[in-house]
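Peer 1: All chains should be built: construct the whole structure from the sequences, respecting the hints.
Numbering follows UniProt numbering, with no gaps: position 443 of the sequence shown is 443.
The set of hints was computed from the structure by calculation and includes no laboratory data.
Hints should not be assumed to be uniformly reliable.
Claimed, not checked - Derived pair list, reagent style DSS-like, types lysine-lysine, alpha-carbon separation capped at 30 Å:
1. Lys85 <-> Lys180
2. Lys287 <-> Lys171
3. Lys408 <-> Lys203
4. Lys492 <-> Lys450
5. Lys198 <-> Lys171
6. Lys263 <-> Lys198
7. Lys250 <-> Lys198
8. Lys408 <-> Lys180
9. Lys510 <-> Lys476
10. Lys240 <-> Lys180
11. Lys171 <-> Lys91
12. Lys157 <-> Lys287
13. Lys250 <-> Lys408
14. Lys179 <-> Lys85
15. Lys263 <-> Lys203
16. Lys250 <-> Lys240
17. Lys476 <-> Lys449
18. Lys476 <-> Lys450
To be verified - Computed Cβ-Cβ distance ranges for the label pairs, DEER-style:
19. Ile507 <-> Gln217: 51 to 61 Å
20. Gly202 <-> Leu437: 43 to 53 Å
21. Gly213 <-> Glu19: 48 to 58 Å
22. Ser63 <-> Gly320: 28 to 38 Å
23. Tyr22 <-> Arg178: 50 to 60 Å
24. Gly427 <-> Lys510: 27 to 37 Å
25. Val276 <-> Arg237: 23 to 33 Å
26. Arg178 <-> Lys85: 21 to 31 Å
Remember, predicted model here, so these are calculated numbers, not experimental data.
Heads up, the beta-carbon is just placed ideally off N, CA and C, and yes, glycines get one too.
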Amino acid sequence: MRPVKNLALDTTEMIGSFEQVYMDICINQNEAIPGVTTHEEFSEIRMLSSLACLTPYSDCNQSPRNMYQCQMGKQTMGTPCHAYKYRADNKLYRIQTPQSPMVRPGMHDHYDVDNYPMGTNAVVAVISYTAYILTNAVVAVISYTGYDMEDAMILNKSAFDRGFAHGSIYKSELIDLRKKAQDKYRTVLVFGSKAGDKRTEGKLDPDGLPPIGTYLQDGDVYYSFYNLQTGEYRVERYRKSEPSYVDHIKIIGNDTGTGDMEKVCIVLRIVRNPIVGDKFSSRHGQKGIYIIFNPHGYPSRMTIGMMIESMAGKSAASHGHCYDATPFKYTEDQPPIDYMGKMLNAAGYNYYGTERLYSGVDGRELEADIFIGIVYYQRLRHMVSDKFQVRTTGPIDQVTHQPVKGRKRGGGIRFGEMERDALISHGSAFLLQDRLLNCSDSSLAHVCKKCGSILSPYMDRPPSANAAVSAEQERKWSCSICKQTNSIELIKVPYVFKYLVAELAAINIKVNLDIQAF
Numbered sequence: 001m002r003p004v005k006n007l008a009l010d011t012t013e014m015i016g017s018f019e020q021v022y023m024d025i026c027i028n029q030n031e032a033i034p035g036v037t038t039h040e041e042f043s044e045i046r047m048l049s050s051l052a053c054l055t056p057y058s059d060c061n062q063s064p065r066n067m068y069q070c071q072m073g074k075q076t077m078g079t080p081c082h083a084y085k086y087r088a089d090n091k092l093y094r095i096q097t098p099q100s101p102m103v104r105p106g107m108h109d110h111y112d113v114d115n116y117p118m119g120t121n122a123v124v125a126v127i128s129y130t131a132y133i134l135t136n137a138v139v140a141v142i143s144y145t146g147y148d149m150e151d152a153m154i155l156n157k158s159a160f161d162r163g164f165a166h167g168s169i170y171k172s173e174l175i176d177l178r179k180k181a182q183d184k185y186r187t188v189l190v191f192g193s194k195a196g197d198k199r200t201e202g203k204l205d206p207d208g209l210p211p212i213g214t215y216l217q218d219g220d221v222y223y224s225f226y227n228l229q230t231g232e233y234r235v236e237r238y239r240k241s242e243p244s245y246v247d248h249i250k251i252i253g254n255d256t257g258t259g260d261m262e263k264v265c266i267v268l269r270i271v272r273n274p275i276v277g278d279k280f281s282s283r284h285g286q287k288g289i290y291i292i293f294n295p296h297g298y299p300s301r302m303t304i305g306m307m308i309e310s311m312a313g314k315s316a317a318s319h320g321h322c323y324d325a326t327p328f329k330y331t332e333d334q335p336p337i338d339y340m341g342k343m344l345n346a347a348g349y350n351y352y353g354t355e356r357l358y359s360g361v362d363g364r365e366l367e368a369d370i371f372i373g374i375v376y377y378q379r380l381r382h383m384v385s386d387k388f389q390v391r392t393t394g395p396i397d398q399v400t401h402q403p404v405k406g407r408k409r410g411g412g413i414r415f416g417e418m419e420r421d422a423l424i425s426h427g428s429a430f431l432l433q434d435r436l437l438n439c440s441d442s443s444l445a446h447v448c449k450k451c452g453s454i455l456s457p458y459m460d461r462p463p464s465a466n467a468a469v470s471a472e473q474e475r476k477w478s479c480s481i482c483k484q485t486n487s488i489e490l491i492k493v494p495y496v497f498k499y500l501v502a503e504l505a506a507i508n509i510k511v512n513l514d515i516q517a518f
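Peer 2: Put into structure tokens, the structure is as follows:
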């Protein structure tokens, strides 16, 4: 339900989303048609959602970009809550150094978003050359060295060293010793450490749990526990590939607070500072990877609101106050760029927001006017540490002997039909064989050259149990159909091909191979 103004009765009326489809609602009196228009919005931005209201100058952007921002606004690391020390979320993202935007819509203060900031101010330079991002990230829009092609960006290392966009992930792990007990009704397991145990000395507290702030790596001592009946003592180790810190530990007991310590919740803090491949986004749906902004992203995306925000942010930082970026406040007769340009002139900058930069490679001044301003950037929770997948060797499927799929299982990346066609079109036959045979399910098979069967060859039985070891080396392969031993050849085929031949034989279809000597 939301309020609108009933023009006939001059009163406030609450309408629903299904009801408004059959109403004629105007934005303001200039759009009202007598006898047709029934209701009027109280404000131009009332038609926008609570998330869309947070996009500055959204009326200057292409509409799909505003929709993209509504999705990416929900994917920021940001500040989801203030009571994270007392919570046990399965996974919680948090940025360490958030900032308040200097260019903000009016609803930003109405919703009190400053208490839950979503990103940091970035100085952006827009040119076809190198860009530098400072802590209030200055974004240079340029193309330089090829490292900012497409949506890639370049980040100033000094800004990173000072903490730009540093973040953390909090993961909760519930450890219930009652589930480890073989007999849930009699066996009692409790946390505790053994005095004098060199494995846990200096690594675990007397309660068998790691101290707060402990740095854990794969294979480190995690916790220990006792069996109260048998006195058996056991130490568990940390089995995660990504290192983490013990942020806090919660002991979970019964309602009365009595009983043995059998259940705890350990909250781990994983440091996630920006690395190459992490995703950033402005509030205009301009997503990119790790921050110098390429100017070729403007013409096709048509996010003019980002250019206005860049000038407004630069002016706001110069004069020391925030600007209102509520949409529909400016008109074509009074454009925001004109106002921001005059404010930049008053602060001693160029009217158009351009500056001169020096190359960080050779120190020469760039022969171009570079558009530089301050844009509020969001760090998204899409990080390369969660998405990269690499495999040399690993588990294979028991049936097909091909690599299993799945990043968590250590599987491989699917080489599908389109990838196969791409290699065929390039004529790279050896690479095709390498991907689909050598690095997949290569196997050896015996084939009868005479009848072409891959299923009929078999190895002769050993002469006797007391025969010498050398007798096994003399055992020969024979064909059960042709009854010959000199027609058997050893070839390399995919293992899944042998599986296919066996499946076809089960439905009475025989596969004959034509073996030719090379």
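Peer 1: Can you tell me whether the CB distance of glycine 427 to lysine 510 sits inside 27 to 37 Å?
Peer 2: holds (34 Å)
Peer 1: What's the verdict on lysine 250 and lysine 408, does the C-alpha distance respect the 30 Å limit or exceed it?
Peer 2: Since the Cα atoms of lysine 250 and lysine 408 sit roughly 28 Å apart, the hinted pair holds (cutoff 30 Å).
Peer 1: Taking 30 Å as the top limit, are the C-alpha atoms of lysine 408 and lysine 203 close enough?
Peer 2: Distance ~28 Å between lysine 408 and lysine 203 Cα, so the pair holds.
Peer 1: Just to be sure I understand the hint, the distance between the Cβ atoms of valine 276 and arginine 237 should be within 23 to 33 Å; is that true here?
Peer 2: 31 Å Cβ-Cβ, so the 23 to 33 Å window holds.
Peer 1: Verify the proposed pairing of lysine 250 with lysine 240, using a straight-line Cα cut of 30 Å.
Peer 2: holds (20 Å)
Peer 1: Is the Cα-Cα distance between lysine 263 and lysine 198 30 Å or less?
Peer 2: Answer holds: lysine 263 to lysine 198 is near 25 Å, not above 30 Å.
Peer 1: Between the alpha carbons of lysine 476 and lysine 449, is the straight-line distance 30 Å or under?
Peer 2: Holds, at about 15 Å.
Peer 1: Measuring from beta carbon to beta carbon, are serine 63 and glycine 320 in 28 to 38 Å?
Peer 2: holds (34 Å)
Peer 1: Would the hint linking lysine 179 and lysine 85 be met if the CA-CA limit is 30 Å?
Peer 2: With Cα atoms ~26 Å apart, lysine 179 and lysine 85 stay inside 30 Å; holds.
Peer 1: Just tell me: holds or violated, for the beta carbon distance of arginine 178 and lysine 85 against 21 to 31 Å?
Peer 2: Roughly 26 Å apart at Cβ, these two residues keep to the hinted range, so it holds.
Peer 1: Are the Cα atoms of lysine 510 and lysine 476 separated by 30 Å or less?
Peer 2: Status holds; Cα separation ~24 Å.
Peer 1: Holds or violated: lysine 287 with lysine 171, Cα cutoff 30 Å?
Peer 2: holds (26 Å)
Of the numbered hints given earlier, the model fails none.
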